[in-house]
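Engineer: In case you want the letters, here they are:
There are 2 protein chains.
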Amino acid sequence: MISVLLVEDKADYRNALKLILDNTPGFCCVADYCDAESCMNDNTYNNADVALIDIQLPGISGIQLVSFFKEKNPALLCLMCTAYEDGDNVFSALQAGAHGYILKSDAPSKILEAIVEVVNGGSPMSSQVARKVIEAFHRPAQVEYSLTNREEEILQHLSKGLLYKEIAFRLSISTETVRRHCFNIYDKLHVNNRTEALNKFFGKKPHR
Amino acid sequence: MISVLLVEDKADYRNALKLILDNTPGFCCVADYCDAESCMNDNTYNNADVALIDIQLPGISGIQLVSFFKEKNPALLCLMCTAYEDGDNVFSALQAGAHGYILKSDAPSKILEAIVEVVNGGSPMSSQVARKVIEAFHRPAQVEYSLTNREEEILQHLSKGLLYKEIAFRLSISTETVRRHCFNIYDKLHVNNRTEALNKFFGKKPHR
DNA sequence: GCCCTTCTACCACTAAAATGCTATTGTTTT
DNA sequence: AAAACAATAGCATTTTAGTGGTAGAAGGGC
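Protein chains in written order, with my numbering: chain A, 1 to 208; chain B, 1 to 208.
Hints are not guaranteed to be accurate.
[Stated by the list, open to error] With a cut-off of at most 27 Å between alpha-carbon atoms, the simulated DSS-like pairs for lysine-lysine come out as follows:
no., chain 1, residue 1, chain 2, residue 2
1, A, 110, B, 132
2, A, 188, B, 165
3, A, 160, B, 200
4, B, 132, A, 132
5, A, 200, B, 110
6, B, 188, A, 188
7, B, 188, A, 132
8, B, 160, A, 188
9, A, 132, B, 165
10, B, 110, A, 72
11, B, 110, A, 104
12, A, 188, B, 72
13, B, 160, A, 160
14, A, 160, B, 110
15, B, 165, A, 200
16, B, 110, B, 70
17, B, 72, A, 70
18, B, 160, A, 72
19, B, 70, A, 18
20, A, 104, A, 70
21, B, 132, A, 104
22, B, 104, A, 70
23, A, 160, B, 72
24, A, 165, B, 200
25, A, 132, B, 110
26, B, 200, A, 132
[Unchecked claim] What follows is a set of in silico ranges between Cβ atoms, one per label pair, in the way DEER data are often shown:
no., chain 1, residue 1, chain 2, residue 2, range
27, A, 73, B, 85, 25 to 33 Å
28, B, 150, A, 108, 41 to 49 Å
29, A, 108, B, 103, 25 to 33 Å
30, B, 116, A, 179, 33 to 41 Å
31, B, 152, A, 12, 56 to 64 Å
Derived from the structure by calculation, the hints contain no laboratory data.
Even glycine gets a Cβ: it sits at the ideal position worked out from N, Cα and C.
Given only the sequences and the hints, what does the whole structure look like? Please build it.
Structural biologist: Below, the structure written as structure tokens:
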């Protein structure tokens, strides 16, 4: 028996889903809310397997609700529900911790299928959104900056936010040498400071 | 016309695919190889739109080939091909830069569909593999550090490696104010420098 | 009205980082 | 043996970052 939690502002759609869930063997609707706030103030989310959440909710968005669930009950599987396939929003939701999504235009049978899929360890989503996820996920091609082993080692320590003197102590070399290595690193990477070097070497887009 | 490159060691399967591609309007097979090495030594990969690559190749693996393509011709779309759905390998391939994958057991029509899908910006993959990708992609739960909007904005700029004065210029405020914001940020995050703040706020493990 | 937070700003001081130059030791390549 | 590179290290200088104190203007909440 899969317990589903509904958070959807449109009463018609919410009630329809509830009816379908409660009348399909193997499914049940443990609770339903018309907004995120009332759901957060309740604690039914601890008794559900899957949460079906509308992305566009009045007030606190569905994406924020996912973040909330992720903290309060990480085991809860979040399935997003959107009217139309809004790439960016769906993407943000997945990034926040959602496990898949369905379109409101999908047939009830497809929605039930998606719920089962999520429970079975899948992540139902369209191929287009999958691409966005994949791309954010790709490791940027190693552009081979030919740093020496020692330089990479230094960079590892730099990435932790350590001071030169702390790195020097850990590696049992002088602060001057650490300094020198850094300078050489920045030179090779064509950057001017620690943060740029880390972004470049570890291939990070600065930040979302 | 979609130009496809084949890298597949099983001659039967490779020839069959080639035949299908060359005899389907809108598709053509620009080259085919039985291993990664010979493909890397040629330069046909510059003339293809999509590369269909077997994951299990003798010698250099399909995953390594993807990394190679990513560096040499980042525009080439890599579609992996596997005999059975080996989660870890497929996952690694996607991480290395592949855009989707198909199963050898899929019908020819489905394979052609997947190729079109990739060209159209999609990422064909199973729901199970999508889940693995999604999970690797999830941001760790934000521990809510209650930074103000302005402080988060400053942090965004810090993450690019900008100097205080550069941030000040972009936000049209004084350097002193940027300085002050940073101090407040470090205070709230209980850290002592930029790198630590970035690691903590953006929830990153220092580095692999 | 008053309190509290946020954003703004200046000053002063210390610590650290970034940029130069030079130089020794060892290892590897040619 | 010479040349090239890697790692080490010292010194000097300038710039930037980090830590304090203080304080005014704008906005929300009580």
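Engineer: Is residue 104 of chain A close enough to residue 70 of chain A, meaning Cα to Cα at most 27 Å?
Structural biologist: 23 Å, holds
Engineer: Between residue 108 of chain A and residue 103 of chain B, does the C-beta distance stay in 25 to 33 Å?
Structural biologist: Between residue 108 of chain A and residue 103 of chain B, where Cβ atoms are some 29 Å apart, the hint holds.
Engineer: Would you say the C-beta atoms of residue 150 of chain B and residue 108 of chain A sit inside 41 to 49 Å of each other?
Structural biologist: Given about 46 Å between the Cβ atoms, the range holds.
Engineer: For the pair supplied as a hint, residue 110 of chain B and residue 72 of chain A, is the alpha-carbon distance within the 27 Å limit?
Structural biologist: Between residue 110 of chain B and residue 72 of chain A the Cα gap is close to 41 Å, so the pair fails against 27 Å, i.e. violated.
Engineer: With a cut-off of 27 Å on the C-alpha distance, tell me whether residue 160 of chain A and residue 200 of chain B pass.
Structural biologist: Holds, because 10 Å separates the two Cα atoms, which is no more than 27 Å.
Engineer: Residue 165 of chain A and residue 200 of chain B were given as a pair; does the straight-line alpha-carbon distance stay at or below 27 Å?
Structural biologist: 22 Å, holds
Engineer: Holds or violated: are the alpha carbons of residue 200 of chain A and residue 110 of chain B at most 27 Å from each other?
Structural biologist: Answer violated: residue 200 of chain A to residue 110 of chain B is near 39 Å, above 27 Å.
Engineer: Can the restraint linking residue 132 of chain B and residue 104 of chain A be considered satisfied, given a maximum Cα separation of 27 Å?
Structural biologist: 25 Å, holds
Engineer: Keeping to a limit of 27 Å between CA atoms, is the pair of residue 188 of chain A and residue 72 of chain B held or broken?
Structural biologist: Roughly 21 Å separates the two Cα atoms, so the pair holds.
Engineer: Regarding the pair residue 110 of chain B and residue 70 of chain B, is the alpha-carbon distance no greater than 27 Å?
Structural biologist: 25 Å, holds
Engineer: Measuring from beta carbon to beta carbon, are residue 152 of chain B and residue 12 of chain A in 56 to 64 Å?
Structural biologist: For residue 152 of chain B and residue 12 of chain A the Cβ distance comes to about 37 Å; the hint is violated.
Engineer: Quick one, are residue 165 of chain B and residue 200 of chain A close enough, alpha carbons at most 27 Å?
Structural biologist: Holds - the C-alpha atoms of residue 200 of chain A and residue 165 of chain B are around 21 Å apart, at most 27 Å.
Violation of the numbered hints given earlier is confined to hints 5, 6, 7, 9, 10, 14, 17, 18, 19, 22, 23, 30, 31; the remaining hints are satisfied by the structure.
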